[in-house]
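Protein chains in written order, with the numbering used here: chain E, 17 to 114; chain U, 1002 to 1148; chain Y, 42 to 583.
Hints in this document: simulated from the structure, not taken from any laboratory. Accuracy of the hints is not assured; some may be wrong.
As the list claims (entries may be wrong) - Calculated cross-link-like contacts (lysine-lysine; reagent style PhoX-like; alpha-carbon spacing at most 25 Å):
no. : chain 1 : residue 1 : chain 2 : residue 2
1   : Y       : Lys289    : Y       : Lys206
2   : Y       : Lys118    : E       : Lys26
3   : U       : Lys1140   : Y       : Lys151
4   : Y       : Lys259    : Y       : Lys366
5   : E       : Lys26     : Y       : Lys78
6   : Y       : Lys366    : Y       : Lys301
7   : E       : Lys78     : Y       : Lys512
8   : E       : Lys103    : Y       : Lys138
9   : Y       : Lys301    : Y       : Lys208
To be verified - If you want a taste of the chain Y side facing chain E, the calculated C-beta under 7 Å gives, among others:
no. : residue
10  : Leu88
11  : Asp117
12  : Tyr119
13  : Arg121
14  : Lys138
15  : Leu139
16  : Pro143
17  : Asp217
18  : Pro379
19  : Ile383
20  : Asp455
21  : Tyr456
22  : Ile465
Note that the Cβ used here is the ideal one computed from N, Cα and C, for glycine as well.
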Amino acid sequence: MKLLTGNDLKSGAVTWWDGVQWSLHVEEAIDVGDHADSILARESATRRVNAAYAIEASKDEKGVRPAHIKERIRALGPTVRPDLTLKPADPEAGQWVI
Amino acid sequence: MAEVQFRFRDDEMVGDPGVTVGAFGEQSNAAAVRLEPGDEARDLLPHLSRLRLIEINFPVYGDGRGYTAARVLREAGYTGELRAVGDVLVDQLAFMRRCGFDAFAPEVPLDPADAQAALDRYPEVYQPAADGRVAIWAKRHADVQGG
Amino acid sequence: MYKYDTYDQAMVDARVEEFRDQVRRRIDGHLSEDQFKPLRLMNGLYLQLHAYMLRVAVPYGTLSGAQMHALGDIADKYDRGYGHFTTRQNIQYNWIKLDEAPNILADLAKVEMHAIQTSGNCIRNTSSDQYAGAAADEVTDPRPYAELIRQWSTFHPEFCYLPRKFKIAVIASETDRAAMRLHDIGVQIVRGEGGELGAAFYVGGGMGRTPMIGPLIKAFVPLDQFITYAEACLRVYNRHGRRDNKYKARIKILVHELGKEEYTRQVEAEFAHLLSQNIEPPTAELERIKAQFADPAFETGLSEELDRSDPDFALWVDNNCVTHKASGYIAVTISLKPIGGIPGDASADQMRLMAALAAQYSFDELRVTHAQNIVLAHVRKDQLYALWQALDEAGLGTANLDLVGDIIACPGLDYCSLANARSIPVAQKIGQRLAAKEQQIGELKLKISGCINACGHHHAGHIGILGVDRKGTENYQLLLGGCEGADTSLGQITGPGFDEDGIVDAVEKATEVYLSTREGNERFLDTYRRIGMAPFKEALYG
Ligand code: SF4
């Protein structure tokens, strides 16, 4: 599947296109299929997202998983500071990245 | 060709667009020439007295060779119009002025208020360039330097 | 240290307002990201993996207590309570909001700090010797010259759109503690034959994808022509540096492709021309700056004795303190490399504590080192124990300067959008694995970069590690034999790369080869230079 991701213009936070808006959670990202370019053009124009691009990902029972480790780290947060990731309470969260 | 949007001189504008450096070499009467980033500004030095307009093209703002070209020409005593053309943006104007540009023909016209604000932004300059402004380090010791 | 006058302050204040205006134009849509990017970069604002990152300049690595305190406050107020000291003696904040960035710059301006030209294709913050003003071997304090370069290069109208970024280092002793020859321009202040001071220029060094050691292009530039010569070096580069390929755009490639002789010839021609342009600052300006770097009021008649009865303290003194030029004083390095910690990170509280300790024990002054540690340059020996106790209590008493635990690591794939692999976890694992042996191993500079940009200086590590992307997984190359300093050399790759656990094992094996073959008091580097790569390869791959 294809996901769209970028950063929020003002906060810089990593965001994912959920079909309606830009979510902080990769689990909410939807497959944009062939529409990546048109959504990116529209959303960049309205400045709801900054420096957005399309990436490859897969989906299984455990959820959405970006194909590249870089995007998985973006989705979670820095592996060396679990307290600052999106899942501070889950000590195993870093394993998902690798 | 883009319009001249800002011009900081009073003489009459040269109507003809600048010819390329190559054509200039062959056309002994041309008074206007256009430098591309790869052209050698010093090739023009023997002809400065008959030049009234030198356009320096910035195909992309990030290619800064035109800043050096401008200063080299001013340092050699060129007093005609030095016009920045192409990808000229608000936030480069002040640097360009300091390097000796006195006319601007941006491809995409600039917001005049933003441009003015950018030109007026810095009260002082840290180093001398082609605009004759006195550097901070000289002002600090103006008494020692005799003014 | 250098104090702003009203001119300096007005320039920094104007910059804050300029950036505020640029951010406003970006947020309201007048500027596209493509147009805004170079502007924010010239203010040190990057878009990284998780958020904006702000890089704040620490000019030539020197800070006052008030400035360090303000850096701690900014970490709390605008970030998540910490900052990262970098290999270029700057500090980075990782969680910055775009609309708050102008306020951060305003807070910085209040303590005479800024983020000007900490990124972009311009002249960056000048680096220098962390022991400047304290080192027994310097011919003079190098920082006044670095300050002169700061002024000259700030908003230099001709050199803000260079082919690529441009880094200058200034030192003033034979021992090079700033990796001077791995900079675009390395300046060494030297004494001429008549005893007068001048500047030796090394041009075209650098790390990155094509590491090069900068050649000497001019052995002695008189100080009243110093800036003019630098301007000539830059002008030739701006005119002729390659712009067709980002990876060949640094000045080292120009110097290499033209040849040192031809580059020097062009610089000399430009220099001769520029001398007629009177661009040199008045000599009185250098004197004015020098006066601000005059020695603090060292007390005399102090005892040279240290009470070494506490073994932990004695170990720390042996590892982290170096001789000072004034008797009764010592220069102290605070390690930001606790075992298993994140190299170069400091919490807001640690920053404020170091600020307070600087005020109490070191004439209110601190330094950031390119090895990502902090220096208190002028500590009285009779107060050293009290200082150490305060540091140790705050987790800042690690005794590992220049040991294998004192790892330089760039942020890598945990933060950096250019990274191929994570650097920090590798550093943490190596530090933990070798902690028990590090005293036995002795000096061993280990440096890790998360990509070829080499912010972690891996080419210059006795052991270097480079993170690469191998088909979507992290992989690490091992290099041996790099060194910065007077005998600068570049590390050589051992062979095929390793995965994360593999690289930790590989480093351990390399240290075992060293321990079993070293002679006398050879350092790791000396043994490598003597026995060569083969025994290491054998142990790693054989
Ligand atoms: S070396 Fe690469 S990964 Fe590390 S900080 Fe520099 S650019 Fe980022």
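Hints, verified against the model:
Among the hinted pairs, Lys289/Y with Lys206/Y is consistent with the structure: their alpha-carbon atoms are about 12 Å apart, no more than 25 Å. Under the criterion of a C-alpha separation no larger than 25 Å, the hint pairing Lys118/Y with Lys26/E is consistent with the structure, at around 17 Å. A C-alpha spacing of about 23 Å is found between Lys1140/U and Lys151/Y, which places the hinted pair at or below 25 Å, so the restraint holds. Distance hint between Lys259/Y and Lys366/Y is unfulfilled; the C-alpha atoms sit about 29 Å from each other, more than 25 Å.
Under the criterion of a C-alpha separation no larger than 25 Å, the hint pairing Lys26/E with Lys78/Y is consistent with the structure, at around 14 Å. Of the pairs offered as hints, the one joining Lys366/Y and Lys301/Y is violated, with about 37 Å between alpha carbons and a cut-off of 25 Å exceeded. At most 25 Å may separate the alpha-carbon atoms for a hinted pair to count; Lys78/E and Lys512/Y meet this at roughly 23 Å. With a CA separation close to 21 Å, the supplied pair Lys103/E and Lys138/Y stays within the 25 Å bound.
Simply put, Lys301/Y and Lys208/Y have alpha-carbon atoms about 19 Å apart, close enough for the 25 Å limit, and the pair holds. Because the beta carbon of Leu88/Y sits about 6 Å from the nearest beta carbon in chain E, less than 7 Å, this interface hint is met. At its closest, the beta carbon of Asp117/Y sits 14 Å from a beta carbon of chain E; the interface hint therefore is violated under the 7 Å criterion. With its C-beta approaching chain E no nearer than about 12 Å, Tyr119/Y sits outside the 7 Å limit, and its interface hint is violated.
Because the beta carbon of Arg121/Y sits about 6 Å from the nearest beta carbon in chain E, less than 7 Å, this interface hint is met. Satisfaction of the interface hint for Lys138/Y is found here, the shortest Cβ-Cβ separation to chain E being roughly 5 Å, below the 7 Å cut-off. The beta carbon of Leu139/Y is positioned within 7 Å of a beta carbon in chain E (closest approach about 5 Å), and the interface hint is therefore held. Hint on Pro143/Y is violated. Least Cβ distance to chain E is approximately 12 Å, over the 7 Å limit.
Of the supplied interface hints, the one on Asp217/Y is violated, with its beta-carbon coming no nearer than about 31 Å to a beta-carbon of chain E, more than 7 Å. Checking Pro379/Y against chain E by beta carbon gives a least distance of about 13 Å; that is not within 7 Å, so the hint is violated. For Ile383/Y, the shortest C-beta to C-beta distance to chain E is roughly 6 Å, which falls under 7 Å, so the interface hint holds. Given the 7 Å rule on beta carbons, the hint for Asp455/Y holds: about 4 Å separates it from the nearest Cβ of chain E.
The interface hint given for Tyr456/Y is met, as the beta carbon of that residue sits about 6 Å from the closest beta carbon of chain E, less than 7 Å. Restraint check, Ile465/Y versus chain E: the minimum CB separation of about 5 Å is within 7 Å; hint holds.
In summary, the structure is inconsistent with hints 4, 6, 11, 12, 16, 17, 18 from the numbered list given earlier, while agreeing with the others.
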